[in-house]
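Participant: For the numbering used here, count along the sequence shown from 1 and bump the result up by 22.
Hints were generated in silico from the structure; no laboratory data involved. Quick caveat: nothing in here was measured; it's all calculated off a predicted structure. One should not assume that every hint holds.
Label-pair restraints from in silico Cβ distances [stated by the list, open to error]:
| no. | residue 1 | residue 2 | range |
| --- | --- | --- | --- |
| 1 | Ile-188 | Ser-142 | 54 to 64 Å |
| 2 | Thr-137 | Asp-291 | 22 to 32 Å |
| 3 | Arg-294 | Ala-115 | 28 to 38 Å |
| 4 | Ala-110 | Ala-277 | 21 to 31 Å |
| 5 | Ser-90 | Ala-110 | 24 to 34 Å |
| 6 | Gly-134 | Ala-189 | 37 to 47 Å |
| 7 | Thr-114 | Leu-192 | 28 to 38 Å |
| 8 | Gln-254 | Thr-114 | 41 to 51 Å |
| 9 | Ile-188 | Val-84 | 49 to 59 Å |
| 10 | Arg-294 | Ala-189 | 49 to 59 Å |
| 11 | Ala-135 | Asp-272 | 31 to 41 Å |
| 12 | Pro-301 | Ala-186 | 13 to 23 Å |
Beta carbons: idealized from backbone N, C-alpha and C, even for Gly.
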Amino acid sequence: MIGARRMAALTAPLAGLVVALAAPTPARAQEPSSAPAITVVLRGGAAAGSVEFGKAFELDVVRRWARSAPAPPWSDEVLAPLVVDVLATTTTADGDTTIETRHCRAFAFQLGAATLLPKSETPLTLLVDSCLPAGDAGALELLPPPPLAVRAGQRQLARLLLFALIAAALAGGALLGLRAWHRRQAAPRPRRRLQAEIAVLAATVPTTPAERRAEAIAATRILRQAGDLARQAAAPQPAAFATAAEALLDDVKFAGRTLAADERARLLDALRAAVAAVPEDR
């Protein structure tokens, strides 16, 4: 009898522990995500999902976040590989949600399909077409010369045809000049082109040694081109960052070094500082 009582006294705490462990654990309330939900809305002629290379088009970036949370920071790199200028920003409230709309003018400098917000729940694919018609080599388009009038009754008609030919030649020359000017305007300017290339690098994180080496080669080229452009314009350049950045890139290219997230962020900042020293495009 004494043995049974002692056994019951020893097993009672263990039974309570088993019951406590088997009891369901109350669910912890999930904290709302601080990252805003982003949607891109194409406007005007771009609403069909197709734009022309180098031509400006308009879009709206709509961001939503909890009204109790502070406004999340904004970066133009959200819309990479596009180059954007924010024209206007409006903020409204809908219940417990803050809605921010940024009206932007955008440019695409890569032909083919461009995917915006690839990691979001609402990615958007944009088709970038050439701004010239297919097969157009830019040749001057003129009417064929009319046959000369050889009879007296056709002299007046010959004069009119001659004037028409001269007018067509002048119009063709003006069209050729306008087309050449348009091509110059559509071509990426050096500073804007380098900014677009940095945006592409920032939007894609390399995961393999080959990708990291390719990114280092591209970053070195951007760094050197920015330095050359700044020196040609006799613009002041940051003195310390170039040597350190190139040394870091050499480690990646030749020693197979993998950059930490903060090192890569500092490298992108160095590239932006180098491009910022390039004079504004005209």
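Participant: Take the hints in turn and mark each one as holding or not.
Facilitator: Hint check results:
A beta carbon spacing of about 58 Å between Ile-188 and Ser-142 agrees with the range 54 to 64 Å that was offered as a hint. Hint check: Thr-137 to Asp-291, Cβ distance near 25 Å, so the stated range 22 to 32 Å holds. A hinted range of 28 to 38 Å for the beta carbons of Arg-294 and Ala-115 is consistent with their spacing of about 34 Å. A hinted range of 21 to 31 Å for the beta carbons of Ala-110 and Ala-277 is inconsistent with their spacing of about 47 Å.
Ser-90 and Ala-110 have their C-beta atoms about 26 Å apart, which keeps the hinted 24 to 34 Å range intact. Roughly 40 Å separates the CB atoms of Gly-134 and Ala-189, a value that falls within the hinted 37 to 47 Å. Our hint of 28 to 38 Å for Thr-114 and Leu-192 is violated, since their Cβ atoms are close to 54 Å apart. Evaluation of the 41 to 51 Å hint for Gln-254 and Thr-114 yields a pass: the beta carbon distance comes to about 47 Å.
A C-beta distance of roughly 55 Å is found between Ile-188 and Val-84, which places it inside the suggested range of 49 to 59 Å. For the hinted restraint 49 to 59 Å between Arg-294 and Ala-189, the CB-CB distance of approximately 51 Å keeps it satisfied. Checked against the hint of 31 to 41 Å, the C-beta distance between Ala-135 and Asp-272 comes to roughly 34 Å, which is consistent with it. For Pro-301 and Ala-186, the hinted distance range of 13 to 23 Å is not satisfied, since their beta carbons lie about 47 Å from each other.
In this structure, the hints that do not hold are numbers 4, 7, 12, in rising order.
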